[in-house]
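Peer 1: All chains, full assembly: derive it from the sequences and hints.
Residue 71, in our numbering, is where the sequence shown stops; the numbers in between run on with no holes.
It should be emphasised that the hints constitute simulated quantities derived from the structure, not laboratory data.
Every residue gets a Cβ at the ideal spot worked out from N, C-alpha and C, and that includes glycine.
Worth double-checking, as some hints may not be accurate.
What the hints assert, rightly or not - What follows is a list of derived Cβ distance ranges for each label pair: (1) LYS47 x CYS68: 31 to 37 Å; (2) HIS25 x LYS47: 41 to 47 Å; (3) VAL29 x SER52: 49 to 55 Å; (4) GLU50 x THR9: 56 to 62 Å; (5) TYR32 x VAL66: 56 to 62 Å; (6) PRO18 x LYS49: 46 to 52 Å; (7) THR9 x PRO44: 50 to 56 Å; (8) PHE14 x LYS35: 48 to 54 Å; (9) ASP37 x ILE59: 48 to 54 Å; (10) MET20 x GLU50: 30 to 36 Å.
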Amino acid sequence: MTANTVYDIFLALPEMERQRHIELVNEYKRKEDNKYAIIPKKKKKEFSYTRQDAIDYLLKNVFCTKK
Numbered sequence: 005m006t007a008n009t010v011y012d013i014f015l016a017l018p019e020m021e022r023q024r025h026i027e028l029v030n031e032y033k034r035k036e037d038n039k040y041a042i043i044p045k046k047k048k049k050e051f052s053y054t055r056q057d058a059i060d061y062l063l064k065n066v067f068c069t070k071k
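Peer 2: Shown next as structure tokens:
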């Protein structure tokens with residue numbers, strides 16, 4: 005079925021059916037657009053580490069003696 009055939013069938017419909025068809029197509033397009041809408045991601049909490057936190061981490065995990 006070519007685009008011209010579909011258009012000819014559309015023109016053969018009564019005016020009320022044309023309007024109904026246009027509404028259905030618009031509703032479908034709106035649903036598809038909403039389906040792929042970009043949803044903003046939530047920002048992750050930012051942690052602020054102090055110098056003392058870094059020193060404690062290094063002493064605990066890096067500069068530890070292996071037994």
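Peer 1: Compare the structure with each hint and give your call.
Peer 2: To see whether the hints hold, each was checked on the structure:
The hint said 31 to 37 Å for the Cβ distance between LYS47 and CYS68, and at roughly 34 Å that hint holds. For HIS25 and LYS47, the hinted distance range of 41 to 47 Å is satisfied, since their beta carbons lie about 44 Å from each other. VAL29 and SER52 have their C-beta atoms about 53 Å apart, which keeps the hinted 49 to 55 Å range intact. Range check, GLU50 to THR9: about 59 Å between beta-carbon atoms, so the 56 to 62 Å window is met.
A hinted range of 56 to 62 Å for the beta carbons of TYR32 and VAL66 is consistent with their spacing of about 59 Å. Range check, PRO18 to LYS49: about 60 Å between beta-carbon atoms, so the 46 to 52 Å window is missed. At roughly 43 Å, the beta carbons of THR9 and PRO44 sit outside the given window of 50 to 56 Å. One distance hint, 48 to 54 Å for the beta-carbon pair PHE14 and LYS35, is violated here, with the actual separation near 21 Å.
Range check, ASP37 to ILE59: about 53 Å between beta-carbon atoms, so the 48 to 54 Å window is met. Roughly 58 Å separates the CB atoms of MET20 and GLU50, a value that falls outside the hinted 30 to 36 Å.
The earlier numbered hints that this structure contradicts are 6, 7, 8 and 10.
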